[in-house]
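Letter by letter, the sequence shown follows residues 901 to 1178 in my numbering.
What you were told as hints is all true, and nothing was included just to trick you.
Derived SDA-like pairs (lysine to any residue); straight-line CA-CA distance at most 20 Å:
| no. | residue 1 | residue 2 |
| --- | --- | --- |
| 1 | K975 | G1170 |
| 2 | K1028 | G921 |
| 3 | K942 | K960 |
| 4 | K944 | R955 |
| 5 | K944 | I924 |
Hint data in this document are derived by calculation from the structure and do not stem from the laboratory.
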Amino acid sequence: MLTNQTFAFIGAGAMAEAIIGGLIRKELVQPDQISVTNHSDKDKLLRLEKEYGIRSFQLKKTEVINASVIILAMKPKHAEDAIHSIRHKVSNEQIVVSVMAGISTMYMENLFAIHPPVIRAMPNTSAKVGASATAICLGSYASSTDGRIAEALFRSIGTVTELAEEKMDAVTGIAGSGPAYLYYMVEAMEHAGRQAGLREDEAKELIIQTFFGAALRLQHTEKTSKELYKEIMSPAGTTEAAFDVLEQHQVQEHFTAAIMRAIERSKELGNTTATPFK
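Using the sequences and the accompanying hints, generate a full structural model.
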């Protein structure tokens, strides 16, 4: 599916590098099938060239972007100006894939001079270890074949779920930002471990395996998350004592509110006036 494709990354941040690394580590493409550019960080481009064997290019000096798949990986606030800088360098035979939070396919389609197939994706930073939970949605001009190419692209860094576009902001708040919530919980558990006398390495090993085991348990059972934590609680036991404190402080309600705020912010990003990408 990907062996006959070439890829141009516009933006060279963490997510772009995660995808590049996934494609090459899994030998889905050869390094010479990938090119990358960014705003102004030439040192980053040189490092990517050296580490992955890919090519970099300068957008201002490029008349036509020679790639079958163009990945927009810049910050959302730069979306409008970035697309304007390439709108005449793209044909409707090329697939445009965006990993920018909050930017709709319709918004992007309207910025191009023609109507290339546009696909919106929301991966997360677990892409760095090939374990992203990525959602994709197809724009008005994207075919099922285009969708299969995008799916193969993101399977290089984890799982892929195709959804309707109206659900993408929810994906951003839950899965896109999700790893950060879990790291925050890990930090709290580390603090508790230190207070209770555990060394940092001891606490970290126990916490990581606890999260890993809980994730596997969820993956391999039909029980709900509530049923799973209830089965750990015994009357007047340690887990119940912990939950008494969590419920006293309405942790679940506040956590839900925090996620809803992230979802709202994703929607706001789609409505924010873009700033220049030169």
